[in-house]
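Order-wise, the sequence lines are chains A and B.
Plus 6 on top of the position in the first sequence (first one is 1) and you've got our numbering.
Plus 14 on top of the position in the second sequence (first one is 1) and you've got our numbering.
Worth double-checking, as some hints may not be accurate.
[Stated by the list, open to error] Here are some of the chain B residues that sit facing chain A, going by a computed Cβ distance under 8 Å: (1) 391; (2) 392; (3) 396; (4) 397.
[What the hints assert, rightly or not] Below, in silico cross-link-like pairs of lysine-lysine (BS3-like), each with a Cα-Cα straight-line distance of 25 Å or less: (5) 559(B) <-> 97(A); (6) 197(B) <-> 23(A); (7) 97(A) <-> 392(B); (8) 284(B) <-> 206(B); (9) 71(A) <-> 318(B); (10) 23(A) <-> 206(B); (11) 386(B) <-> 213(A); (12) 213(A) <-> 23(A); (13) 97(A) <-> 408(B); (14) 160(A) <-> 144(A); (15) 206(B) <-> 194(B); (16) 71(A) <-> 408(B); (17) 304(B) <-> 16(A); (18) 615(B) <-> 626(B); (19) 23(A) <-> 41(B); (20) 139(B) <-> 408(B); (21) 386(B) <-> 71(A); (22) 575(B) <-> 139(B); (23) 190(A) <-> 144(A); (24) 386(B) <-> 23(A); (25) 41(B) <-> 206(B); (26) 386(B) <-> 16(A); (27) 334(B) <-> 318(B); (28) 549(B) <-> 71(A); (29) 575(B) <-> 559(B); (30) 190(A) <-> 132(A); (31) 615(B) <-> 689(B); (32) 236(B) <-> 184(B); (33) 23(A) <-> 392(B); (34) 304(B) <-> 197(B); (35) 154(B) <-> 184(B); (36) 549(B) <-> 559(B); (37) 408(B) <-> 318(B).
The set of hints was computed from the structure by calculation and includes no laboratory data.
Quick reminder that beta carbons are idealized off the backbone N, C-alpha and C, glycines included.
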Amino acid sequence: MSANTAVAEKYRNNFLKEIEEQVEMGDWVKMCMQCGVCSGSCPTNFQSAWDHPPQELFMMIRAGKREEVLTSSSMWNCTSCYNCIVRCPRKIPITHIMHGLAEYAHRIGMAPKMQATRFFSGLFWKNATHTGRVNELKLSLGLYFKDGFVQGVKNGMAMQSVALGLVKAGRLNVLELFGGHKCKDQKGIHAMLAKAYEIERVRKAAKMAG
Amino acid sequence: MADIKVAAYICKGCGLGERLDADALVKIAQKDGKVPMAKTHDFLCNADGVAMIKNDIANEGVTHVMIGACSRRAKTEAFHFPENAVARANLREGVIWIRPDTDEARETTQEMAEDYIRMGCAEVKAMTAPEGNPNTGGSKTLLVVGGGITGMTTAIEASKTGYSVVLVEKSGELGGWAGKLYKRVPVHEPYKSPADTGVADLASQILADGNIKLYLNATIAKTDGSPGKFVVSIATESGATHTEDIGAIVQATGFTPYDMNKLPELGGGKSANVVDQAGLEALAIDAASKDGVIRRPSDGQPVKSVVFVQCAGQRDPTGKHLSFCSGHCCNTSIKQAMYFKDANPDVDTTIIYSDLRTPGNGEDFYRSAQEKGVIFTKGTVAEVVPTGNTSTVKFNDLILGDADASIVDADLVVLATGQVPNSGVNIDAPAAAPAEAGAEPKVEIKPISILNLNYRQGPDVPHLKQGFTDSHFICFPYETRRTGIYTAGPVRRPMDIPQAREDATGAALKAIQALENAELGRAAHPRSGDLSFPKVRLEGCTQCKRCTVECPFGAIDEDVKGFPLFNESRCRRCGTCMGACPVRVISFENYSVNTVGAQIKAVDIPDEFSEKPRILILACENDAYPALDMAGMNRIEYSAYVRTIPVRCLGSVNTIWITDALNAGYDGVMMMGCKSGDEYQCHFVKGSELGRVRLSKIDDTLKTLNLESERVRDLEVAITDIQRLPEMINKYAAELVAVGPSPFKGF
Numbered sequence: 007m008s009a010n011t012a013v014a015e016k017y018r019n020n021f022l023k024e025i026e027e028q029v030e031m032g033d034w035v036k037m038c039m040q041c042g043v044c045s046g047s048c049p050t051n052f053q054s055a056w057d058h059p060p061q062e063l064f065m066m067i068r069a070g071k072r073e074e075v076l077t078s079s080s081m082w083n084c085t086s087c088y089n090c091i092v093r094c095p096r097k098i099p100i101t102h103i104m105h106g107l108a109e110y111a112h113r114i115g116m117a118p119k120m121q122a123t124r125f126f127s128g129l130f131w132k133n134a135t136h137t138g139r140v141n142e143l144k145l146s147l148g149l150y151f152k153d154g155f156v157q158g159v160k161n162g163m164a165m166q167s168v169a170l171g172l173v174k175a176g177r178l179n180v181l182e183l184f185g186g187h188k189c190k191d192q193k194g195i196h197a198m199l200a201k202a203y204e205i206e207r208v209r210k211a212a213k214m215a216g
Numbered sequence: 015m016a017d018i019k020v021a022a023y024i025c026k027g028c029g030l031g032e033r034l035d036a037d038a039l040v041k042i043a044q045k046d047g048k049v050p051m052a053k054t055h056d057f058l059c060n061a062d063g064v065a066m067i068k069n070d071i072a073n074e075g076v077t078h079v080m081i082g083a084c085s086r087r088a089k090t091e092a093f094h095f096p097e098n099a100v101a102r103a104n105l106r107e108g109v110i111w112i113r114p115d116t117d118e119a120r121e122t123t124q125e126m127a128e129d130y131i132r133m134g135c136a137e138v139k140a141m142t143a144p145e146g147n148p149n150t151g152g153s154k155t156l157l158v159v160g161g162g163i164t165g166m167t168t169a170i171e172a173s174k175t176g177y178s179v180v181l182v183e184k185s186g187e188l189g190g191w192a193g194k195l196y197k198r199v200p201v202h203e204p205y206k207s208p209a210d211t212g213v214a215d216l217a218s219q220i221l222a223d224g225n226i227k228l229y230l231n232a233t234i235a236k237t238d239g240s241p242g243k244f245v246v247s248i249a250t251e252s253g254a255t256h257t258e259d260i261g262a263i264v265q266a267t268g269f270t271p272y273d274m275n276k277l278p279e280l281g282g283g284k285s286a287n288v289v290d291q292a293g294l295e296a297l298a299i300d301a302a303s304k305d306g307v308i309r310r311p312s313d314g315q316p317v318k319s320v321v322f323v324q325c326a327g328q329r330d331p332t333g334k335h336l337s338f339c340s341g342h343c344c345n346t347s348i349k350q351a352m353y354f355k356d357a358n359p360d361v362d363t364t365i366i367y368s369d370l371r372t373p374g375n376g377e378d379f380y381r382s383a384q385e386k387g388v389i390f391t392k393g394t395v396a397e398v399v400p401t402g403n404t405s406t407v408k409f410n411d412l413i414l415g416d417a418d419a420s421i422v423d424a425d426l427v428v429l430a431t432g433q434v435p436n437s438g439v440n441i442d443a444p445a446a447a448p449a450e451a452g453a454e455p456k457v458e459i460k461p462i463s464i465l466n467l468n469y470r471q472g473p474d475v476p477h478l479k480q481g482f483t484d485s486h487f488i489c490f491p492y493e494t495r496r497t498g499i500y501t502a503g504p505v506r507r508p509m510d511i512p513q514a515r516e517d518a519t520g521a522a523l524k525a526i527q528a529l530e531n532a533e534l535g536r537a538a539h540p541r542s543g544d545l546s547f548p549k550v551r552l553e554g555c556t557q558c559k560r561c562t563v564e565c566p567f568g569a570i571d572e573d574v575k576g577f578p579l580f581n582e583s584r585c586r587r588c589g590t591c592m593g594a595c596p597v598r599v600i601s602f603e604n605y606s607v608n609t610v611g612a613q614i615k616a617v618d619i620p621d622e623f624s625e626k627p628r629i630l631i632l633a634c635e636n637d638a639y640p641a642l643d644m645a646g647m648n649r650i651e652y653s654a655y656v657r658t659i660p661v662r663c664l665g666s667v668n669t670i671w672i673t674d675a676l677n678a679g680y681d682g683v684m685m686m687g688c689k690s691g692d693e694y695q696c697h698f699v700k701g702s703e704l705g706r707v708r709l710s711k712i713d714d715t716l717k718t719l720n721l722e723s724e725r726v727r728d729l730e731v732a733i734t735d736i737q738r739l740p741e742m743i744n745k746y747a748a749e750l751v752a753v754g755p756s757p758f759k760g761f
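Just chain A, same shape as in the assembly (with noise of 0.2 Å):
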């Protein structure tokens, strides 16, 4: 059983209480009483990136639209500028909860896969706990082989001439491809990273079962 069927079982009929319980500041999104404030006042809005504004989602996740909303690339986008917090009448942390519902999709495996703020987010996440250090070619190329090998060459192509300006400006070493530097104690950091990865796994599991 997934972690996604499991815990749509145990709520059933329940979406809200489900995010309450599950998504960090969850238990806000009762609260909305959908002036539209926070969608109004979103600077990527302009740019139709989201399918659904704020106020919307939280009508959804109170509807039980919970595929829809788990599925949705809308809390994917936000920026973190915090306009809707700071202009929400009923002081809903909603930049907050943009990111809890956005971390609570994919800690249960439904968020967009090839979404591109989660895509880099997990690259970036890889890439620095490797070593201890971003390595920033390799975050790149990363980046630029998103979508496919052919895809990859081309926007590389696309980017020579910024590449061979950072190389001549001795911004960007070419050896970095292979290894690159890293932190004096890498094996420590890795460690540290575990024992984090520990206590969050008990933490959420705790919190999933109970």
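With the hints as your guide, set chain B onto chain A.
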């Protein structure tokens, strides 16, 4: 009539002395006004000036006083001579403040002032000092009809003020709808949970109050008389009739919930599990007396999910149901959802609303409900389908744009139906049209009269819209169109408990004012304290009944021969009867066809070659005249050719004045009255409307005089039209120049 001696006083203060030739005005008063005594004073409203007038009254035998100074709306206390007839010529706001202080304007400004002096002298001579209504009654008892929260509050408030109260309640117990509530919406901090209704406390206060006489199971069989001396017959269940002498009446007959059987599409009447808000209160009271669990009526199982449908049969644009919002239902549904959530947080409670309206501190209450987990869904419910022991609620989700949204397996559906006022018979309703052939016979339930007024105009107070009683909603919310009878609570407009209690307190105080005024023979608002009242020369009356039909306040009955029978205490002194009377036999001591007619005739009309037109303005004293005064205070200039006469109401304008003015050679007549119709602003409710009806027939008069229709202009004026009014006057003056001078000049 005793000998009269008129004195004219002309003030030179406030710049009048510099702008006008006061000595010339004195000469005008003596020569044209024919007053034996005319004086000037540098500062008439100061102690010395007033003492001079008082001395002349006491020692010189002056009976009639003409004061040429500021507007009649200013310095009313200084120039208050209750034993004498007083006229005021408005030289300040009406002349110097609306004219430029230039050499060119000096001549026309002086002419304007001279005309106002002539008019004042002519008016005062046609007046007598009002003596007050002799037919007064002194009952200080208040009748409160209805023992709900409004009626009980009125009774208690009036009793606390020291007045005795007779409280009549139709049912067998006090409380009304509030008494049928499990709990009420909170009115104190922190506004988080339903609170005790407080009805029991109010009821025990009533029972313990020796000032309040209570009739239960009783109705009003007959109401006779007028403020201060109503005689009310109270019929009790036993068949006995009790008679009470009453000073003033507060009708607090409340509302009936809109019949949910008229909403079959929302499941109304189709299933025991679809109830209205009153039905849910009954379920909650029943539950509280047992284990506290609200149960499904169909099979007694505990309710696990409940859906509240807001605006059920309300705010309906189709005209089939109530068109208005009842104001309390959103808060009430929030409260009822809390009944469930407070007992068991696992019960699903959904409120489907289109606009959540939470007056008072309802916003805090709403927030508290959200904290408790009540789900609020914005949508409009299309259908409630009861199947077995549950129902499916189909609705259009307005946030998610889902027209086919639904909630299944709702154990209970609560319909928030609105308030239908218990306002008795609609006396203005047109007679029922004959049923069309083939049409289904309509079952009409005839409303039963509440007050059974023995008035010519009908047994109940008039309605405005939707059965709510007519009240001047801007200025005098509790007033009805029956003097000394006040309506309070949901019979007047939809409202919740705190508003009803506020209403009750206000109505109690207004009713007390009314009975005190009635005893002194004085008018109620808007002419509060006025001692004049209509007098009729019955020998000239043709029994046409226009006055009895048109009186907006039902003050005039008819005797057996059809002559008008004035009930002075019911009168508001608007003069609508005077304006209506075709034979002009109705007058007030200080306001009559003559007092205005004499002013119209007193104006000096220059000949047609002088290029000085004359425009008569008949301005409503409640709105238009103050607006003109305020234009003066703001020094907004307007034409020097107008001569303004304040009238009590457009309804008091007798068409003879217009005919007289046009015959006398005025170039135009402007009528300024309040907005009429459903959104009326007339202080006398129907006065401006009736005035306009009469005015609409003036074209015939103009035709017989061979005059252009532009010569009479009707203007709808509000008190805020301070800028607009001078513009309209100037525009009209310019139009009249184009029309040309009146052919009647010089006759």
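Pairwise hint evaluation, residue 408(B) against residue 71(A), where the allowed Cα distance is 25 Å at most: holds, 16 Å
Hint check: residue 549(B) vs residue 71(A), CA-CA at most 25 Å. Holds or violated? Not satisfied, since the Cα-Cα distance of roughly 76 Å exceeds 25 Å.
Tell me if the straight-line CA distance from residue 23(A) to residue 206(B) falls inside 25 Å. Roughly 22 Å separates the two Cα atoms, so the pair holds.
Would the hint on residue 391(B) stand, with a C-beta cut-off of 8 Å toward chain A? Cβ of residue 391(B) sits 7 Å from chain A, so the hint holds.
Verify the proposed pairing of residue 575(B) with residue 139(B), using a straight-line Cα cut of 25 Å. violated, 35 Å
Pair hint outcome, residue 97(A) versus residue 408(B) [Cα-Cα no greater than 25 Å]: Between residue 97(A) and residue 408(B) the Cα gap is close to 32 Å, so the pair fails against 25 Å, i.e. violated.
Under the criterion that the straight-line Cα-Cα distance not exceed 25 Å, is the pair residue 615(B), residue 689(B) satisfied? Roughly 29 Å between the alpha carbons, so the hint for residue 615(B) and residue 689(B) is violated.
With a cut-off of 25 Å on the C-alpha distance, tell me whether residue 334(B) and residue 318(B) pass. violated, 33 Å
Taking 25 Å as the top limit, are the C-alpha atoms of residue 41(B) and residue 206(B) close enough? violated, 76 Å
Between the alpha carbons of residue 304(B) and residue 197(B), is the straight-line distance 25 Å or under? holds, 16 Å
Proposed proximity, residue 97(A) with residue 559(B) (alpha carbon, max 25 Å): violated, 66 Å
Assess, step by step, whether the Cα of residue 236(B) is no farther than 25 Å from the Cα of residue 184(B), and give holds or violated. holds, 15 Å
Of the numbered hints given earlier, the model fails hints 3, 4, 5, 6, 8, 13, 17, 19, 20, 22, 25, 27, 28 and 31; all others are met.
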